[in-house]
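Enquirer: Given next are the chains, with one letter for each unit.
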Amino acid sequence: MKVLLIIPAFNEANNILNVYNSITSFNEKSDVKFDVIVINDGSTDNTEQILNENAIPHVSLINNLGIGGAVQTGYKYAKIHNYDYAVQFDGDGQHDVNYVLKILEPAFRNEADMIIGSRFIDKKSSSFKSSFARRVGIKMISFFIKIVTGTKVYDTTSGFRAVNRELIDLFANEYPSEYPEPVSTTKVLINKFKVYEVAVSMNERKAGVSSIRAWKNFYYMFNVIISILITGMEGRRR
Amino acid sequence: MNNHLIFYSLLFIFFIFIFIFYLIKRGKINIRYSVIWFLLFGLLFIFLIIPGFLSIITKLLGFSIASNMIFSILIAVLVIINIYFTSVISLQDKKIRSLVQEVSLLKKESNDYEK
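Residue numbers (our numbering), protein chains in the order written: chain R, 1 to 238; chain S, 1001 to 1115.
Hints listed in this document are in silico derivations from the structure and should not be mistaken for laboratory results.
This structure is a prediction, so every number in the text was calculated from the model and none was measured.
Treat the hints with care, as some may be off.
As the list claims (entries may be wrong) - If you want the footprint, here are the derived chain R segments under chain S, 3+ residues with CB under 8 Å:
hint: 1; region: 59–72
hint: 2; region: 76–83
What the hints assert, rightly or not - Sample of chain S residues facing chain R (criterion: CB under 7 Å; computed from the structure):
hint: 3; residue: Arg-1097
hint: 4; residue: Val-1100
hint: 5; residue: Gln-1101
hint: 6; residue: Val-1103
hint: 7; residue: Ser-1104
hint: 8; residue: Lys-1108
Stated by the list, open to error - Some residues of chain R that are not near chain S, with every Cβ distance over 12 Å (derived):
hint: 9; residue: Thr-24
hint: 10; residue: Ile-37
hint: 11; residue: Ile-39
hint: 12; residue: Asp-45
hint: 13; residue: Asn-46
hint: 14; residue: Glu-53
hint: 15; residue: Asp-96
hint: 16; residue: Glu-105
hint: 17; residue: Arg-109
hint: 18; residue: Phe-120
hint: 19; residue: Ala-133
hint: 20; residue: Lys-146
hint: 21; residue: Asn-191
hint: 22; residue: Lys-192
hint: 23; residue: Lys-194
hint: 24; residue: Ile-226
The beta carbon of each residue, even a glycine, is placed where N, CA and C say it ideally should be.
Sequences and hints are given; from them, build the entire structure.
Expert: In structure tokens form, the structure reads like this:
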């Protein structure tokens, strides 16, 4: 059984080595080993140098593609190398490698095709504090996904997700370039795949900037909601 | 429409044609995408040079003056062309994205092979 951790990285020189070391030390203790592929999305700092010096497996995009294009490259890599499961894992230290197996479990048991590591499903376990505007935003996105797909997803913007082989194939072929998490979740649900949410706790960003900078921005919400509605109208593909 | 306006319009169309030909010659515009402009301004040219043609169509379509009709039609056509180009850009965006991904993946494979 092969598991790949896809780590998109844009200017993560301060975090990426710590993230990689946490995974290798996890692998030393664990029976299930995780392969890693870092997708360097045209970083302008010395991320590339750190990746090379420490022999961290990585693909360097020749142009900056943004988070959607970077993550999709990881899915393409997973497809080429025949991985059974792929896990999206942030390069900024927000995600804890000790939760990866917990997220994968429903997939191992064939109960779900996609599992989202959720910050909101169990309030006690999560120390993640986000701003009021952000929580309202995530709730609104959640509301629209419920309307379009009939399924309630709590943590719609979580980038901590595991998928099985079927969805690796789907994402390798087609993955939204903008607002990838909520839009791809909608697409997956509409195509009648099973989505689970598993409670995880996330750390605050250690350094760097979130890819979602426009949280207070009405424009972002408007775009995500329109994207979800359009994805809903596109209907099923299979 | 008065003769002054027709004269300036014809002059404008003339310069547009020269500009597009220039761009084609320099390889800065695909013939495929230039056709749309030739068509648009060719039609406008025909409208303008046939005497009385403009006023007939203006009356037929219920506009009060010819320039209003020309503005309305031009705006409508330009909006359609813009939407078309938006779709062209989106398609190219998709192609560039997959190109960048495939090249980057290949580069990794060849680097690994050399090692």
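Enquirer: Have a go at the Arg-1097 (chain S) hint: is there a Cβ in chain R nearer than 7 Å to its own Cβ?
Expert: Cβ of Arg-1097 (chain S) sits 5 Å from chain R, so the hint holds.
Enquirer: Please settle this one: Lys-194 (chain R) was flagged as non-interface, so is its CB more than 12 Å from every CB on chain S?
Expert: Lys-194 (chain R) clear of chain S: closest Cβ-Cβ about 28 Å, beyond 12 Å.
Enquirer: Minimum Cβ distance from Val-1100 (chain S) to chain R below 7 Å?
Expert: 5 Å, holds
Enquirer: Over 12 Å from every CB of chain S: does Lys-192 (chain R) meet that, or does the non-interface label fail?
Expert: Non-interface label on Lys-192 (chain R) holds, nearest chain S Cβ at 25 Å vs cutoff 12 Å.
Enquirer: Asp-45 (chain R): least C-beta distance to chain S exceeds 12 Å?
Expert: 18 Å, holds
Enquirer: According to the definition I'm using, a residue is off the interface if its beta carbon is farther than 12 Å from all beta carbons of the partner; does Asn-46 (chain R) meet that for chain S?
Expert: 18 Å, holds
Enquirer: How does the coverage statement for the region 76–83 of chain R fare against chain S, requiring three or more residues with Cβ below 8 Å from a Cβ of that chain?
Expert: holds (count 3)
Enquirer: Would Ile-39 (chain R) pass as off the interface with chain S, using Cβ distances and a cut of 12 Å?
Expert: Its Cβ does come within 12 Å of chain S, the nearest being 8 Å, so this is violated.
Enquirer: Beyond 12 Å from every chain S Cβ: check whether that's true for Lys-146 (chain R).
Expert: It holds; Lys-146 (chain R) is separated from chain S by about 28 Å at its closest Cβ, greater than 12 Å.
Enquirer: Checking the smallest CB distance to chain S, is Glu-53 (chain R) really beyond 12 Å?
Expert: The assertion about Glu-53 (chain R) holds, with a minimum of 14 Å to chain S.
Enquirer: Report holds if the minimum CB distance from Thr-24 (chain R) to chain S is greater than 12 Å, and violated otherwise.
Expert: Holds, because the least Cβ-Cβ distance between Thr-24 (chain R) and chain S comes to about 19 Å, which exceeds 12 Å.
Enquirer: In terms of Cβ atoms, is chain S entirely out of 12 Å range of Asp-96 (chain R)?
Expert: Fine: 27 Å to the nearest Cβ keeps Asp-96 (chain R) off the interface.
Violated hints for the displayed structure, listed by number in ascending order: 10 and 11.
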